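Respectively, the protein sequence lines represent chains Z and R.
Each residue of the first sequence is one higher than the last, beginning at 1 in my numbering.
Each residue of the second sequence is one higher than the last, beginning at 1 in my numbering.
Treat the hints as calculated values from the structure; they're not laboratory data.
Mixed in with the good hints there might be a few duds.
What the hints assert, rightly or not - Derived SDA-like pairs: lysine to any residue, alpha-carbon spacing no greater than 20 Å straight-line: (1) Z:13 x R:41; (2) Z:12 x R:175; (3) Z:12 x R:170; (4) Z:12 x Z:114; (5) Z:12 x R:215; (6) Z:13 x R:209; (7) Z:12 x R:220; (8) Z:12 x R:171; (9) R:36 x Z:53; (10) Z:62 x R:173; (11) R:135 x R:215; (12) R:170 x Z:54; (13) Z:50 x R:175; (14) Z:12 x R:30; (15) Z:13 x R:170; (16) Z:50 x R:171; (17) Z:12 x R:173; (18) Z:62 x R:128; (19) Z:50 x R:62; (20) Z:13 x R:175; (21) Z:13 x R:30; (22) R:30 x Z:54; (23) Z:50 x R:170; (24) Z:50 x R:173; (25) R:170 x Z:114.
Claimed, not checked - Computed footprint of chain Z on chain R; a stretch qualifies when at least three of its residues, placed anywhere within it, have a C-beta under 8 Å from a C-beta of chain Z: (26) 123-135; (27) 176-187.
As the list claims (entries may be wrong) - Ranges of calculated distance between the beta carbons of each label pair, as one might list FRET restraints: (28) Z:114 x R:128: 40 to 48 Å; (29) R:219 x Z:51: 46 to 54 Å; (30) R:132 x Z:55: 29 to 37 Å; (31) R:218 x Z:99: 38 to 46 Å; (32) R:22 x Z:88: 19 to 27 Å; (33) Z:104 x R:11: 44 to 52 Å; (34) R:133 x Z:68: 35 to 43 Å; (35) R:128 x Z:84: 40 to 48 Å; (36) R:32 x Z:72: 33 to 41 Å; (37) Z:47 x R:17: 26 to 34 Å; (38) Z:84 x R:11: 38 to 46 Å; (39) R:185 x Z:83: 28 to 36 Å; (40) Z:33 x R:32: 23 to 31 Å.
All figures in this text were calculated on a predicted structure; none of them were measured in a lab.
For glycine and all other residues, C-beta sits at the position ideal for the given N, C-alpha and C.
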Amino acid sequence: MRVNSDGMATIKKLWIGIGILALLSPLGLIIPAFFGAGSAWGEWGLEEIKKLIGFIPEGMQKLAELWKSPLHDYTVPGQKPGLTHESLGYILSAVIGIAITAGLAYLIARLLGRKNKEN
Amino acid sequence: MHIPDGYLGPATYGTMFGVTLPFWAFASWKMNKTLKARQVPYLALGAAFSFVIMMFNIPVLGGTTGHATGTTLIAILLGPWAAIIAVSVALIIQALLFGDGGITAIGANCFNMAVVGGLAGYGIYRLIAAGSDAKSNRRLIAGAIAAYVSLNTSALLAAVQLGIQPLIEKSPSGQPLYSPFPLSISIPAMALEHLLLFGFVEAAVTALVLKYFQKNEPEMLELIKDSHGRAR
């Protein structure tokens with residue numbers, strides 16, 4: 001993989017692409033909402049499971065509440081209800097998630113690739 | 001396809017961590033040997049792409065949603081081992097920060113979407129694209145088919161892991177303790193929506209981005225030659 005003078009430009013362009021995807025990400029919220037679609041199959045919350053089968057399996061109840069994620073379901077703390085606020089929270093979540101994911105991947109790649117003679 | 005906490009019993013999620021760990025270790029070793037400094041930014045980009053593309057939920061008949069993963073695309077551009085690392089990082093951040101996929105299910109989700117997704121996608125692409133020019137249409141078709149099969153394989157694995165729960169994890173009175181739906185429900189449900197819709201979305205995303213690279217950065221598609229040791 002050669003990175004020549006326009007190699008940097010490519011990476012910059014690709015990052016702009018990722019940025020555009022982050023801005024468009026609420027489509028992944030709005031379009032399912034428009035069609036009244038809920039969770040992915042097998043990703044229901046406890047309430048939904050209760051509606052589906054009439055009870056909450058014992059083990060599921062215990063494990064489901066094991067971890068409280070800080071930005072649950074791509075929402076930000078203090079977010080107001082409504083699709084507009086949900087969309088903004090979704091974009092903010094995308095930006096935060098992209099930054100942390102890319103940062104961590106970069107760090108891991110740097111650490112792992114460190115010993116490579118070609119560097 | 002992000003299995004949440006509470007759907008898999010300890011026997012299953014424990015096993016899946018055990019199965020995934022050697023792949024993470026081997027991928028790390030492989031990257032240690034082959035990853036070049038100039039590929040590092042692309043790996044970060046790949047992880048970010050996988051993260052954000054999974055936020056594009058698409059509704060399907062029956063009231064559920066699904067999404068592409070970008071795994072095959074990353075495997076084609078950076079190799080399967082880099083893809084395993086990149087997509088695993090995205091999945092782990094999704095679980096920890098956003099509760100998308102359970103923390104107990106990180107092993108299973110990474111195995112389904114990153115490990116099997118990456119290896120299957122790359123293998124099928126190599127098979128179909130072998131000997132073709134980097135700018136040929138065969139590369140695009142290979143990428144699309146590989147992405148379609150790869151995503152469907154990942155979905156089938158998730159369906160099996162969910163579907164065996166009522167068989168192996170039940171209370172003394174016979175009630176399911178974790179995911180309550182048997183294989184006869186989980187496999188058709190997951191397989192159909194991925195065969196009919198999400199697989200095509202993954203294929204389209206893969207082919208479109210590959211087309212972009214063919215036009216603007218065809219060297220990125222030379223991985224097949226690189227892996228045969230040709231000096232570049």
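Now for the hints, and whether the structure bears them out:
no.	hint	in the structure
1	Z:13 x R:41	13 Å, holds
2	Z:12 x R:175	54 Å, violated
3	Z:12 x R:170	52 Å, violated
4	Z:12 x Z:114	24 Å, violated
5	Z:12 x R:215	16 Å, holds
6	Z:13 x R:209	13 Å, holds
7	Z:12 x R:220	15 Å, holds
8	Z:12 x R:171	55 Å, violated
9	R:36 x Z:53	52 Å, violated
10	Z:62 x R:173	18 Å, holds
11	R:135 x R:215	8 Å, holds
12	R:170 x Z:54	16 Å, holds
13	Z:50 x R:175	14 Å, holds
14	Z:12 x R:30	27 Å, violated
15	Z:13 x R:170	52 Å, violated
16	Z:50 x R:171	17 Å, holds
17	Z:12 x R:173	59 Å, violated
18	Z:62 x R:128	46 Å, violated
19	Z:50 x R:62	18 Å, holds
20	Z:13 x R:175	53 Å, violated
21	Z:13 x R:30	28 Å, violated
22	R:30 x Z:54	48 Å, violated
23	Z:50 x R:170	17 Å, holds
24	Z:50 x R:173	19 Å, holds
25	R:170 x Z:114	48 Å, violated
26	123-135	violated (count 0)
27	176-187	holds (count 7)
28	Z:114 x R:128: 40 to 48 Å	35 Å, violated
29	R:219 x Z:51: 46 to 54 Å	52 Å, holds
30	R:132 x Z:55: 29 to 37 Å	55 Å, violated
31	R:218 x Z:99: 38 to 46 Å	30 Å, violated
32	R:22 x Z:88: 19 to 27 Å	42 Å, violated
33	Z:104 x R:11: 44 to 52 Å	30 Å, violated
34	R:133 x Z:68: 35 to 43 Å	52 Å, violated
35	R:128 x Z:84: 40 to 48 Å	44 Å, holds
36	R:32 x Z:72: 33 to 41 Å	35 Å, holds
37	Z:47 x R:17: 26 to 34 Å	28 Å, holds
38	Z:84 x R:11: 38 to 46 Å	44 Å, holds
39	R:185 x Z:83: 28 to 36 Å	32 Å, holds
40	Z:33 x R:32: 23 to 31 Å	45 Å, violated
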